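Residue numbers for the sequence shown follow our numbering, beginning at 2 and rising by one.
Be aware that one or more of the hints could be misleading.
Pairs of lysine-lysine residues, derived as BS3-like cross-links and limited to a Cα-Cα distance of at most 25 angstroms, are as follows [said to hold, decoys possible]:
#1 109 / 120
#2 120 / 167
#3 165 / 120
#4 59 / 105
#5 141 / 167
#6 167 / 87
#7 59 / 116
#8 120 / 65
#9 59 / 165
#10 59 / 100
#11 105 / 141
#12 141 / 65
#13 116 / 165
#14 59 / 141
#15 165 / 87
#16 8 / 100
#17 84 / 100
#18 120 / 48
#19 59 / 8
#20 165 / 84
#21 105 / 8
#22 116 / 167
#23 141 / 100
#24 59 / 87
#25 107 / 8
#26 165 / 107
#27 116 / 100
#28 8 / 84
#29 65 / 8
#30 167 / 84
#31 141 / 109
#32 107 / 65
#33 120 / 100
#34 165 / 141
#35 84 / 120
#36 65 / 167
#37 105 / 120
Across the chosen pairs, the derived CB separations fall in these ranges [said to hold, decoys possible]:
#38 105 / 139: 51 to 57 angstroms
#39 88 / 189: 44 to 50 angstroms
#40 103 / 146: 45 to 51 angstroms
Simulated from the structure, these hints should not be mistaken for laboratory data.
Just so it is clear, the structure is predicted and the values come from calculations on it, not from any experiment.
A virtual CB, placed ideally from N, CA and C, is assigned to each residue, including glycine.
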Amino acid sequence: MLRDIFKIVITFTILYLSTTFVMAYINESLALLPTLAIPLFILWFAKHLANNTEYRCKCGNEFKISAIDVLLSLQQLYLRLLKCPKCNTSSWCRVVRYKGNEVKAKFKQIDENVKTNYKALITILMASYLLFFAFWLLNKELLLFIVMSFVYLYFIAVLAYGMKNKLNSSMYSVITLVVVFITFIMLFVNVVVYLSEVSK
């Protein structure tokens with residue numbers, strides 16, 4: 002399974018970089034054009050995993066998931082945090098088959114007894130984004146704004162998905178802290194760039 006996924010990702014990366022290089026060689030203004038293929042690849046890849054992967058809940062039920070589940074649920078190698086359609090409980094479900102073949106892998110089952118406070122995490126992300134936006138106004142780097150906005154939009158969607166499906170994991174708190182930490186790094190860089198331009 003992992004070998005097949007690795008091949009797909011590596012193949013796309015090589016094609017993307019090659020196309021970008023050729024486009025840049027022809028005309029620098031075309032260098033960003035292949036970037037449009039990235040979201041299309043992500044959607045295709047999510048659909049590919051959804052169609053070819055089967056999971057097993059602790060209750061023994063085996064099931065497939067949608068591309069949305071692939072994009073928004075948490076995963077750790079052969080485990081994914083999902084809500085079982087049969088027993089209606091959330092747990093780390095293991096991959097049992099990929100492309101019809103049984104997946105045999107040694108792993109440690111994850112058992113968490115936590116209650117995720119989604120409202121607090123979403124509030125933290127929103128406050129962090131507003132702080133980023135306030136400092137972004139100093140420099141107004143459009144590419145930075147677009148990238149960070151997509152990052153925040155995606156992780157808020159992940160939290161909203163988890164809240165809707167009543168998924169509980171300490172990983173949600175870790176992800177939120179990582180996003181906030183990265184934001185503060187970007188804020189620091191933005192302020193340094195702004196001060197250097199002002200001092201000229």
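A quick look at each hint next to the structure:
no.	hint	result
1	109 / 120	violated (30 angstroms)
2	120 / 167	holds (12 angstroms)
3	165 / 120	holds (12 angstroms)
4	59 / 105	holds (17 angstroms)
5	141 / 167	violated (38 angstroms)
6	167 / 87	holds (15 angstroms)
7	59 / 116	holds (19 angstroms)
8	120 / 65	violated (29 angstroms)
9	59 / 165	holds (21 angstroms)
10	59 / 100	holds (22 angstroms)
11	105 / 141	violated (50 angstroms)
12	141 / 65	violated (44 angstroms)
13	116 / 165	holds (14 angstroms)
14	59 / 141	violated (49 angstroms)
15	165 / 87	holds (17 angstroms)
16	8 / 100	holds (15 angstroms)
17	84 / 100	holds (22 angstroms)
18	120 / 48	violated (29 angstroms)
19	59 / 8	violated (30 angstroms)
20	165 / 84	holds (10 angstroms)
21	105 / 8	holds (19 angstroms)
22	116 / 167	holds (9 angstroms)
23	141 / 100	violated (47 angstroms)
24	59 / 87	holds (11 angstroms)
25	107 / 8	holds (22 angstroms)
26	165 / 107	violated (31 angstroms)
27	116 / 100	violated (34 angstroms)
28	8 / 84	violated (29 angstroms)
29	65 / 8	holds (22 angstroms)
30	167 / 84	holds (8 angstroms)
31	141 / 109	violated (46 angstroms)
32	107 / 65	holds (21 angstroms)
33	120 / 100	violated (38 angstroms)
34	165 / 141	violated (35 angstroms)
35	84 / 120	holds (20 angstroms)
36	65 / 167	holds (19 angstroms)
37	105 / 120	violated (38 angstroms)
38	105 / 139: 51 to 57 angstroms	holds (54 angstroms)
39	88 / 189: 44 to 50 angstroms	holds (47 angstroms)
40	103 / 146: 45 to 51 angstroms	holds (46 angstroms)
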